[in-house]
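S.K.: Those protein sequences? They're chains C and X, same order as listed.
Going by our numbering, the first sequence opens with residue 193, and the numbers climb by one from there.
Going by our numbering, the second sequence opens with residue -11, and the numbers climb by one from there.
No wet-lab data here; the hints were simulated from the structure.
Only a predicted model underlies this, so the values are computations on that prediction, with no experimental measurement involved.
Honestly, I wouldn't trust all of these hints.
[What the hints assert, rightly or not] List of simulated lysine to aspartate or glutamate pairs, EDC-like, C-alpha gap at most 16 Å:
| hint | chain 1 | residue 1 | chain 2 | residue 2 |
| --- | --- | --- | --- | --- |
| 1 | C | Lys239 | C | Asp218 |
| 2 | C | Lys202 | C | Asp290 |
| 3 | C | Lys239 | C | Glu284 |
| 4 | X | Lys179 | X | Asp256 |
| 5 | C | Lys215 | X | Glu372 |
| 6 | X | Lys(-10) | X | Asp351 |
| 7 | C | Lys215 | X | Asp366 |
| 8 | C | Lys249 | X | Asp366 |
| 9 | C | Lys272 | C | Glu304 |
| 10 | C | Lys215 | X | Glu373 |
| 11 | X | Lys179 | X | Glu148 |
| 12 | C | Lys249 | C | Asp220 |
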Amino acid sequence: MSVEALYSEKVMDHFTNPRNVGKMEDPDGVGTVGNPVCGDVMKLYIKVKDNRIDDAKFQTFGCGAAIATSSMVTELVKGKTLEEAVGLSNKEVAEALDGLPPVKMHCSMLAEDALKSAIEDYRKKIVSSEQ
Amino acid sequence: MKIYLDYNATTPVREEVLELMFDIYRGDAANPSSIHFLGRQARKFVDEGREKVAAAIGAEPSEIVFTGGGTEADNMAIQGTAFALREEGNHIITQATEHHAVLNTCEFLEKHGFKVTYLPVDGEGLVDPAEVEKAIGAETILITIMTANNETGVIQPIEEIGEITRSRKVVFHTDAIQALGKIPFSVNDLKVDLLSLSAHKVYGPKGVGALYIRKGTRLRPLAYGGHHEGGKRPGTENVAGIAGFGLACELAAQELVESAAHLSILRDRLCGQISENISRVKLNGSPRLRLPNTLNLSFEFIEGEGILLGLEMKGIATASGSACTSGTLAPSHVLSAMGVPAALAQGSIRFSLGRENTVEDIDYTAKALVPIIQRLRDLSPFSEEDIN
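Generate the whole structure from the sequences, applying the supplied hints.
M.R.: The following block contains the structure:
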């Protein structure tokens, strides 16, 4: 007897073999969002070169969906311009994973927020170094 | 490999029970209320079920009312007492780690003018009987405190509380659903007036429960209809379910001592192996006053659903107190009430063992857990460095 899977194969793939895991040395931007009280914390690191995201890494405390969306967002943003990356929505992340259960959509919000927060951090640093 | 470590959620129906129920379903259809010979046969199955359930808890058969499950039994006890004794008072005492069948029923009653005191528990999950006594006032009509907790297995001092409620003449209900078949108890030792039971936690069928109602205890029914169950719970009896519940209780009582010893050995073996091989693990709940089959552990720096998924991929079925597995945003109310920090509650796993578990299952599970925990910790933004 087979039962319906909790998550899509893609989610399970990214949960089991997450891409771009770990702390980044000398990141250009870092975004930390979420709260352990609510069960999700995501830390996203980016390196920026010529206005493009050159590298991205993550560390996540959270459920399977939170880990998979973290992994997927790091994959999706690599090579994108900052403008493109800021426009990346949680829906696009979820779609890239072949969907998430409705109760887990907030996990993809976390990934979107972490990315925006990392880019904002980078932009602040640029502004303050220019001053 | 398939290992079931979620017996507190439900248990498989045991063979003997299944056979009896099959025989009843395959036999002649009849209503126990019919007076013909087939009706009398059906009545006999119900009567025998009632005798066996009563015997398992030291009650009289006439004090057992069958329900559609444990939740209904809790509702019948709490709502039934509240509405029957409304003229005498409007205060109910319960405690923070009760099952939602109790907590949400109390919340419902609050909306209908009753006042409810939710007593706190200590770090081990225990209620202080002195606090119960202090909370009793002139308006108190009911005290409801569970015998054993489903998440942590923590066993409350029901006998001591029973002494108090008896001397203060307040009706005392206990939800003994998790305790049945795991620890010995009787309604007279516990000094309770009402006690809830469920069949599917003792290798019986789902959809059958019982409420013990001590002779002379007033209760308003939840539903109205025929004369079944003394008018307290109308509706044609679930004949096969009741018979199956009775047999499951009888077998559980016969095997209790041996089963408790076996399960506590396995449980402690699992706990021992995990704490030997994994750092930063915490036991939730009293190590001493605990059901023999339950182990609730928090793994620091990680979230429970990830652990659960990892175990599932190894064929192991467990439960977690994390928000992600409960369908809410808050972690387990039981662990939170015990003062377990939210992040640790999110990283909790409940292993609840049962009669089909073997030493091999335990060793396999403990071994499988090591790389799962390590991998999730490697992914986590939190680590020992943050704390030290």
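S.K.: Against the 16 Å threshold, does the CA-CA distance of Lys(-10) of chain X and Asp351 of chain X hold or violate the hint?
M.R.: 13 Å, holds
S.K.: For the pair we were handed, Lys249 of chain C and Asp366 of chain X, check the Cα-Cα distance against 16 Å.
M.R.: Satisfied, since the Cα-Cα distance of roughly 13 Å is no more than 16 Å.
S.K.: Mind checking the alpha carbons of Lys215 of chain C and Glu372 of chain X for me, to see if they're no more than 16 Å apart?
M.R.: At roughly 15 Å apart (the allowed maximum being 16 Å), Glu372 of chain X and Lys215 of chain C satisfy the hint.
S.K.: Does Glu148 of chain X lie within 16 Å of Lys179 of chain X when you go C-alpha to C-alpha?
M.R.: Distance of about 9 Å is within 16 Å: holds.
S.K.: Against the 16 Å threshold, does the CA-CA distance of Lys239 of chain C and Asp218 of chain C hold or violate the hint?
M.R.: Distance of about 8 Å is within 16 Å: holds.
S.K.: For the pair we were handed, Lys249 of chain C and Asp220 of chain C, check the Cα-Cα distance against 16 Å.
M.R.: 12 Å, holds
S.K.: Below or equal to 16 Å on CA atoms is what counts here, so check Lys215 of chain C against Glu373 of chain X.
M.R.: 13 Å, holds
S.K.: Please work out if Lys215 of chain C and Asp366 of chain X have their alpha carbons no farther apart than 16 Å.
M.R.: 10 Å, holds
S.K.: For the pair supplied as a hint, Lys179 of chain X and Asp256 of chain X, is the alpha-carbon distance within the 16 Å limit?
M.R.: 31 Å, violated
S.K.: Check whether the Cα positions of Lys272 of chain C and Glu304 of chain C lie no farther apart than 16 Å.
M.R.: Within the cut-off at roughly 14 Å; holds.
S.K.: Check whether the Cα positions of Lys239 of chain C and Glu284 of chain C lie no farther apart than 16 Å.
M.R.: 22 Å, violated
S.K.: Starting from Lys202 of chain C, check that the Cα of Asp290 of chain C is at most 16 Å away, please.
M.R.: Holds - the C-alpha atoms of Asp290 of chain C and Lys202 of chain C are around 7 Å apart, at most 16 Å.
Checked against the numbered hints given earlier, the structure breaks hints 3 and 4 and satisfies all the rest.
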